[in-house]
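Protein chains in written order, with the numbering used here: chain A, 2 to 258; chain B, 3 to 279; chain C, 241 to 597.
Mixed in with the good hints there might be a few duds.
[To be verified] For lysine-lysine, the following BS3-like pairs were computed, each having C-alpha atoms within a straight-line distance of at most 25 angstroms:
#1 B:K271 with A:K148
#2 C:K369 with B:K198
#3 A:K148 with B:K136
#4 C:K514 with C:K490
[As the list claims (entries may be wrong)] Covered by chain A, per the in silico footprint, the following chain B stretches (three or more residues, Cβ under 8 angstroms):
#5 208-219
#6 228-237
Since the hints were made in silico from the structure, they are not lab data. From the three backbone atoms N, C-alpha and C, an ideal C-beta is built for every residue, glycine too.
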Amino acid sequence: MANWNVSHSGLDWAGGANWARMFHDVNFWSSLFRLFYFSFITTTLQYIFGFTAALFAWRGIAARRFFRVLWLIPLMTTPSVIAIVWRSIFREDIGAANGLLALIGVHPVAWSTSIFPATVTITIAEVWQWTPFMFLILLAGLLSLPKEQFLSAEIDGATPWRTFWSITFPLMAPISIGAIIIRLIEASKIFDSIFNLTSAGPGNSTETPAYYLYTRGLREFQISYGATMGLAYLILAILTLTILGQIFARISKPRGI
Amino acid sequence: MKKILKYLFIILWSTFVIAPLSWALVTSFKPAAAVNNGATFIPWLQFQPTLDGWKDITGISGYANLFPALINSATITFFSTLVSLSFGCMAAYGLSRFSYGWKHYKNPDIIFFFISQRIMPPAVLAVPFFILLKSLNLLDTKLGLVLVLTSALMPIVVWLLVDFFNQLPKEIDEMAMLEGCNPFEAFIRTILPLSKPGLTVAGMFAIIFGWNDLFFGLVLTFTKVQTLPVAVVALNGTVTPFWTLSASAIFSILPLIGLAFVVERFLSKGGFAGAVR
Amino acid sequence: MNLNLNQVSVESEAEIILKDISFDFQPGKIYVLIGRTTSGKTSLMRTIAGLLEPTDGEIHLGVTRLDEVPIWERGIAMVYQQFINYPQRTVLNNVEFPLLRAGVSKADAKAQALAMIEKVGLSEFVNRKPSQLSGGQQQRVAIARALVRNTRVILLDEPLMNLDYKLREQLREEFRVLFKSTENSVTIYATTEPSEALFLGDELLVMHEGRIIQHGKPNLVFENPANIDVAQIVNDPPMSILDAEIKDGKVTIGNLMNFATPSHLKTQKDGSYKIGIRASEVVLGGSHSNSEEGEVSLSEVSGSETLLYVKLNIGEVVLQLEGIHDYYIGQKVTVSLAPERLFLFNMDGTLCAAPGN
Chain A
2 MANWNVSHSG LDWAGGANWA RMFHDVNFWS SLFRLFYFSF ITTTLQYIFG FTAALFAWRG
62 IAARRFFRVL WLIPLMTTPS VIAIVWRSIF REDIGAANGL LALIGVHPVA WSTSIFPATV
122 TITIAEVWQW TPFMFLILLA GLLSLPKEQF LSAEIDGATP WRTFWSITFP LMAPISIGAI
182 IIRLIEASKI FDSIFNLTSA GPGNSTETPA YYLYTRGLRE FQISYGATMG LAYLILAILT
242 LTILGQIFAR ISKPRGI
Chain B
3 MKKILKYLFI ILWSTFVIAP LSWALVTSFK PAAAVNNGAT FIPWLQFQPT LDGWKDITGI
63 SGYANLFPAL INSATITFFS TLVSLSFGCM AAYGLSRFSY GWKHYKNPDI IFFFISQRIM
123 PPAVLAVPFF ILLKSLNLLD TKLGLVLVLT SALMPIVVWL LVDFFNQLPK EIDEMAMLEG
183 CNPFEAFIRT ILPLSKPGLT VAGMFAIIFG WNDLFFGLVL TFTKVQTLPV AVVALNGTVT
243 PFWTLSASAI FSILPLIGLA FVVERFLSKG GFAGAVR
Chain C
241 MNLNLNQVSV ESEAEIILKD ISFDFQPGKI YVLIGRTTSG KTSLMRTIAG LLEPTDGEIH
301 LGVTRLDEVP IWERGIAMVY QQFINYPQRT VLNNVEFPLL RAGVSKADAK AQALAMIEKV
361 GLSEFVNRKP SQLSGGQQQR VAIARALVRN TRVILLDEPL MNLDYKLREQ LREEFRVLFK
421 STENSVTIYA TTEPSEALFL GDELLVMHEG RIIQHGKPNL VFENPANIDV AQIVNDPPMS
481 ILDAEIKDGK VTIGNLMNFA TPSHLKTQKD GSYKIGIRAS EVVLGGSHSN SEEGEVSLSE
541 VSGSETLLYV KLNIGEVVLQ LEGIHDYYIG QKVTVSLAPE RLFLFNMDGT LCAAPGN
């Protein structure tokens with residue numbers, strides 16, 4: 002049912018006009034560029050935090066199960082709803098963020114009216130929301146690793162750090178790659194946070210393709226243009242993912258995994 | 003030294019996780035003054051907790067009532083998950099056991115086709131679905147939303163289950179066929195009973211994505227049917243006081259917190275062992 | 241009802257899996273397929289069962305054209321080499337399953353299942369699940385399931401391969417008894433072990449690279465292998481093959497062995513040949529015209545025997561010695577070949593003469 006363009010009887014054949022427009026549309030390209038930034042930064046952060054948390058929740062600490070539940074919770078929350086909460090936190094006048102900063106004597110930050118802070122708020126919201134996703138997949142992977150290698154490493158007297166880099170990390174390579182790719186796919190559709198937190202603001206500095214498509218295609222009823230952008234986006238996305246997939250495949254092969 | 007870093011991370015991360023939730027929780031109990039004059043944090047010390055926010059969202063004060071939305075979300079998520087699992091597991095079984103082909107497009111390509119549907123931003127699919135539902139008179143109905151969500155959830159379900167089924171030995175259903183079961187019967191009687199872990203994982207993801215969906219609800223429903231995220235976002239759009247918003251946030255999140263416990267349980271019992279690639 | 245295969249082939253562009261298999265299987269006999277691992281035994285069975293589609297040829301069961309019947313209607317039972325049972329059902333349910341599928345009433349199914357379970361010796365385990373049983377017991381459940389239906393065709397694909405030695409011997413004995421009751425069925429059993437084939441089979445089919453290269457009573461095949469390939473397949477450890485020449489009433493093997501032509505080879509023409517000798521018939525020691533000194537290249541202890549690989553001038557020879565012996569690599573030993581026990585093959589591998597004829 003998906004991936005199907007409905008040709009409305011009311012639509013004129015515009016030929017390449019929509020495509021030409023898209024190529025010249027600065028907003029479209031800047032939103033794409035922004036998307037690269039967002040996806041890669043948030044995914045990297047999510048991976049680092051998620052893996053660290055997974056390692057600890059695996060067998061590193063007491064009361065593991067408690068922390069596992071706790072750290073899973075953000076994944077169960079509704080992104081759009083939480084985004085509203087973050088908005089209230091980052092309200093410049095009565096939000097918790099500036100309130101806390103005031104307590105330590107730092108000037109209030111213009112969270113929603115300056116470009117960089119606005120970007121930071123989105124990043125924080127995304128990391129909070131989706132790190133548990135990485136956490137879950139990586140933890141599941143860690144739990145399914147065979148114990149023998151670790152036992153022999155212990156016998157050989159390897160330090161935890163060493164064990165991690167030489168054994169754990171390489172063994173987790175396929176799962177890591179899978180998780181990262183899945184997360185990248187989902188991250189590139191980022192909409193809920195933008196919609197509810199910043200409304201792509203200030204101006205359109207936090208606009209992403211999904212949001213842009215939404216405004217142009219649905220709010221302004223430029224349906225065919227929206228469809229054009231969507232198609233272009235899909236092609237780019239598939240290209241990027243294929244290239245990434247190849248890169249990852251090549252990285253993991255020489256290690257002899 | 004390493005230990006200090008470890009505990010530092012654990013504390014910081016846990017605090018980070020709890021922070022927005024506790025803020026929302028506390029805020030939901032604040033009276034007007036506590037919100038509008040700057041940020042306040044600690045109940046009873048900095049303000050007197052009230053139930054205004056909660057009264058607002060449960061229909062007691064007449065402002066809004068989120069219970070119908072809650073029931074809608076529950077019903078819609080339940081049915082979407084049910085249908086996508088039922089059809090999804092059959093599709094996954096087919097992809098796992100049989101070889102489909104058209105020219106040189108084979109099974110892996112079909113699977114890729116399924117996955118590529120997740121790549122599309124919902125906005126692109128919104129218009130076709132809108133037109134489709136309109137022509138079927140299913141806009142603003144539960145059934146319409148269930149149908150659309152099911153098709154959005156199917157790719158995840160199929161993808162997870164194909165991987166899972168591939169790990170179940172083919173010989174078991176071969177044996178069932180030799181003993182008189184046609185492929186469908188073989189599936190039902192032998193593979194399905196063994197699929198509980200896979201179905202659980204797929205079901206969990208389906209529930210999470212289905213319950214939390216904002217986009218399709220936003221585009222395809224208006225007044226008669228509203229899911230919880232849509233209702234909360236609608237509140238956000240109007241001039242709604244913070245305490246009410248926070249209360250609504252906590253309200254819509256509570257139901258799935260229980261799921262966190264279920265997931266953890268399942269995880270610790272090694273349930274994911276077969277499902278993770 | 242006969243099972244008849246006619247020119248059955250399974251081929252793809254890349255490989256030949258089965259080629260021109262034609263054979264008539266009769267009920268009441270146990271046919272043993274012997275061959276190396278990739279020779280096509282499993283593929284042949286899977287083709288008969290319907291799990292593999294032939295690219296050519298026909299299969300008939302009685303008058304029915306079998307290859308046009310779907311798998312679940314063929315009425316064929318199969319035992320795999322990995323112990324395949326339904327993990328979520330008890331032993332009793334496992335064995336009842338095929339009967340219920342065939343339309344037998346619940347009461348009858350239970351009774352028949354219990355009877356078969358007793359035959360395989362698992363009566364005390366009827367309510368256990370397969371995961372609670374040992375490997376040998378699991379395989380017995382699989383066998384019970386296969387036999388309980390009294391199907392026209394019973395296929396066993398190296399069922400004992402994954403079991404330990406003792407269990408294999410025990411079950412082999414039990415098979416003999418069990419298969420006596422399958423008089424109306426065609427039983428086909430695949431194995432790589434010649435001893436199993438000799439023990440169980442009424443008729444032997446030797447498979448190699450997708451074809452049947454010889455068939456007949458096990459003893460006959462054993463004594464008269466059609467060519468070197470067959471000789472190697474039905475002998476474990478394999479036969480030693482050396483180049484030889486017959487000239488003027490003498491057999492010359494390499495430079496050092498030269499003896500009078502034994503009686504069974506007297507009728508052969510002069511020329512170049514290959515001779516073969518079984519490992520159990522190469523002897524240590526002796527300093528006659530049929531001996532030669534060589535170097536040990538490998539010494540393998542297997543069970544209660546020692547296999548000795550000795551490198552001669554002309555080639556390598558394998559000896560099978562009783563008992564456990566200690567030999568080191570490079571040790572010099574003398575080996576003798578008994579002339580009356582030599583097999584003679586043409587240069588193209590076909591059999592010319594076999595001993596004891």
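Exercise. Is the hinted pair K148 of chain A and K136 of chain B satisfied, with a Cα-Cα distance of at most 25 angstroms?
Worked result: violated, 56 angstroms
For this session: Count residues of the segment 228-237 of chain B with a Cβ under 8 angstroms from any Cβ of chain A, then say if the count reaches three.
Result: Answer holds; 4 residues pass the 8 angstroms Cβ test.
Exercise. Does the structure keep K369 of chain C and K198 of chain B at a Cα separation of 25 angstroms or less?
Worked result: holds, 18 angstroms
For this session: Report holds or violated for chain A covering the segment 208-219 of chain B, Cβ cut-off 8 angstroms, minimum 3 residues.
Result: holds (count 5)
Exercise. Straight-line Cα separation of K271 of chain B and K148 of chain A no greater than 25 angstroms?
Worked result: Distance ~16 angstroms between K271 of chain B and K148 of chain A Cα, so the pair holds.
Problem set entry | 25 angstroms limit on alpha-carbon distance, applied to hinted pair K514 of chain C and K490 of chain C | Measuring from Cα to Cα gives roughly 14 angstroms; hence the hint holds.
Comparing the model with each numbered hint stated earlier shows that hint 3 is the single one that does not hold.
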